[in-house]
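Chain residues, written in single-letter form:
Protein chains: 2
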Amino acid sequence: MKFELLTSDGKARAGVLETAHGFIETPAFMPVGTQGSVKAIEQRELIEVGAQIILGNTYHLYLRPGTDIIQAAGGLHRFIGWNKPILTDSGGYQVFSLNELRKIDEEGVTFKSHLDGSAHLFTPESVVQIQRQLGSDIMMVLDECAPYPSDLEYARRSNALTLRWADRCKSAFDAGKELYGHSQALFGIVQGSIFPEVRQNSARDLVKIGFDGYAIGGLAVGEPAEVMYAIVEVCEALLPVDKPRYLMGVGTPINLIEAVARGVDMFDCVLPTRNGRNANIFGRTGSINLRNAKFKTDFSPPDPDCSCYTCSNFSRAYLCHLFHVKEILGLQLATIHNLSFYLWLMRETRTAIKEHRFGEWRRKMVNQLRSEDQVVAT
Amino acid sequence: MKFELLTSDGKARAGVLETAHGFIETPAFMPVGTQGSVKAIEQRELIEVGAQIILGNTYHLYLRPGTDIIQAAGGLHRFIGWNKPILTDSGGYQVFSLNELRKIDEEGVTFKSHLDGSAHLFTPESVVQIQRQLGSDIMMVLDECAPYPSDLEYARRSNALTLRWADRCKSAFDAGKELYGHSQALFGIVQGSIFPEVRQNSARDLVKIGFDGYAIGGLAVGEPAEVMYAIVEVCEALLPVDKPRYLMGVGTPINLIEAVARGVDMFDCVLPTRNGRNANIFGRTGSINLRNAKFKTDFSPPDPDCSCYTCSNFSRAYLCHLFHVKEILGLQLATIHNLSFYLWLMRETRTAIKEHRFGEWRRKMVNQLRSEDQVVAT
Chain A
1 MKFELLTSDG KARAGVLETA HGFIETPAFM PVGTQGSVKA IEQRELIEVG
51 AQIILGNTYH LYLRPGTDII QAAGGLHRFI GWNKPILTDS GGYQVFSLNE
101 LRKIDEEGVT FKSHLDGSAH LFTPESVVQI QRQLGSDIMM VLDECAPYPS
151 DLEYARRSNA LTLRWADRCK SAFDAGKELY GHSQALFGIV QGSIFPEVRQ
201 NSARDLVKIG FDGYAIGGLA VGEPAEVMYA IVEVCEALLP VDKPRYLMGV
251 GTPINLIEAV ARGVDMFDCV LPTRNGRNAN IFGRTGSINL RNAKFKTDFS
301 PPDPDCSCYT CSNFSRAYLC HLFHVKEILG LQLATIHNLS FYLWLMRETR
351 TAIKEHRFGE WRRKMVNQLR SEDQVVAT
Chain B
1 MKFELLTSDG KARAGVLETA HGFIETPAFM PVGTQGSVKA IEQRELIEVG
51 AQIILGNTYH LYLRPGTDII QAAGGLHRFI GWNKPILTDS GGYQVFSLNE
101 LRKIDEEGVT FKSHLDGSAH LFTPESVVQI QRQLGSDIMM VLDECAPYPS
151 DLEYARRSNA LTLRWADRCK SAFDAGKELY GHSQALFGIV QGSIFPEVRQ
201 NSARDLVKIG FDGYAIGGLA VGEPAEVMYA IVEVCEALLP VDKPRYLMGV
251 GTPINLIEAV ARGVDMFDCV LPTRNGRNAN IFGRTGSINL RNAKFKTDFS
301 PPDPDCSCYT CSNFSRAYLC HLFHVKEILG LQLATIHNLS FYLWLMRETR
351 TAIKEHRFGE WRRKMVNQLR SEDQVVAT
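Order-wise, the sequence lines are chains A and B.
The opening position of the first sequence corresponds to residue 1 in the numbering used here, with each subsequent residue numbered one higher.
The opening position of the second sequence corresponds to residue 1 in the numbering used here, with each subsequent residue numbered one higher.
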């Protein structure tokens, strides 16, 4: 994997990430394809809305359909019919968020499937092996995402374990080999809750191990946005300029712009897809909920300045109707628009950086996006 | 509306129906867009799979979003973003199938909404007016679809009422005017349960009134397929050659071919869409259910001879996975394929008729379609 930083404008960066399955222009937003499908949108439509990379969840894919089936298909790209880059997480986050009975020790994390209660063990080595079988372009290390709030002592201990796991992941990665003839990259994950000291140790030690890119994990888990931004700044100061930075699980359109302003290159979040399925439409002047009765006779496009399939062909009134009568098409059209909006936002942000007018763009967009209808981040 | 019969091959017919919103090549299959959306498929995809006309249900659209909203949008075509032909039914069928408490009298049918219990009256005149407001290219008369089984006496009385209603519909149609500047057509509906004598009276009297086309209603309601075919033959013998014949609510791929062989030009049915959402995939050699565990590692296309988006890009194993994990994309891909299959079947049938080899085509296809996995018609 190769990352080239093209331009900076303040801390904001425009770059290109080259993977075996193609280029990713940064800042980049990655739609979330949890179970091998970005919910309610077709693969060709992901390309249409401008997605250059999607995310797959190792935890879910490991349980269903199972790593063996994906390997038999020739890897995740072939199994799901997506020939562009894929990033897979390590599965750790889902183990911690979906399993109340998981047990963490030095070896790894033992958990029970949320589906059938069967027992499983994820270790740093096994999640690298699973991601080899998935064949993702970018693999993530196993980490513990500390709950929020955590105390300093917990954050220190947790991060120390996460660092030992990161080291083992790197060793397993170096000792292993790709299965499908295309190279894979491995990203480390900075943890440390909201404690600058722990975050700094985490970033420094990960950089010593050496990864193809660095994620900032454990944020957007309940802390105030300002705390999140402050922690991003702490991490950014210690991460190498020549490697991509990925802020995991973030966020609202404003979160994305603010994180780009602090040097982040990559994002993933279920917000555009999940909110879309709840009739929440992101727009250039804030967001609206199309279930609201006032839209029943509003024949204007969902987002009047958008040129996506949905906004070019259908009205708020029609989408309002589709949501009220529970037609699947409502989920499809809202998803197409929301992802179009997120990917448009990243493209425009990138252009603004390249033209050295990011500061102005940031002020204008953040202002516009703060409408009275603004949906609260989930 | 203009109908031109291009070729006949035995009783089978190839024609062209011209409406204000474009041509429909017959034999034609009309995907069902109950509530202003063909379930789980986008309008542009309907065009892609070859749909030249879709059906809307007056009963559902009248209740939600309501005729006033559709009129405010400028008619159903504009409301749903579909610029090709639309046929609307009269609402009668849903009143009879969804309402246990409806009351029929000479005036019309009084029913309670299945949504909120509110009382409504459909009369021959009001359903014509509603369909004027919807602006469909082809409108249907109000009829009573006699339950199956009905006795002869009931069928006679019911049909006599249906004929008086048909006459009133025609008068209301002639006295009224289109609202959106495009002309609309009105089809009569032959009823009479499974009694040839009643069906003959129905057909004769409808032809005397004079309609733009003739539907055969009240079939595929539980009677054996052979009885249905026999009744189609009885009706066909009395319907004018120069008008389109539409067999309502039918059916399986074999039903379609057999009805074409008996002179039918148009069909609608929820089978391809509804079965698709249940993982039932129609194919050139019968149908399969992709929830079956044997497809978990079957990496061949859903229908190997199909060139639709689904079959060109995805495997049975992937669709099997999508259905097992309840991903919306499974519904989308199955719907795209099943409609592609139905519309392919109609195109191929049309070509066979034009090339005067329909008999051979019919034998070959019916034989192929009778595989051991054949899904029973619903």
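You may find that some hints are simply not true.
No distinction is drawn between identical chains; accordingly, a pair holds when it is met within one copy or between any pair of copies.
What the hints assert, rightly or not - Result set (DMTMM-like, lysine to aspartate or glutamate): computed pairs, CA atoms no more than 20 Å apart in a straight line:
1. K296 to D116
2. K296 to D68
3. K296 to D167
4. K296 to E258
5. K354 to E18
6. K294 to E360
7. K103 to E25
8. K326 to D116
9. K103 to E125
10. K112 to E226
11. K170 to E348
12. K354 to D298
13. K294 to D68
14. K84 to E18
15. K326 to E100
These are calculated hints, taken from the structure and not from any lab test.
Predicted model only: the values in this text are computed from it and were never measured.
*asked:* So, against the hints stated earlier in the document, which numbers end up violated here?
replied: 3, 4, 6, 7, 10, 11, 12 and 15
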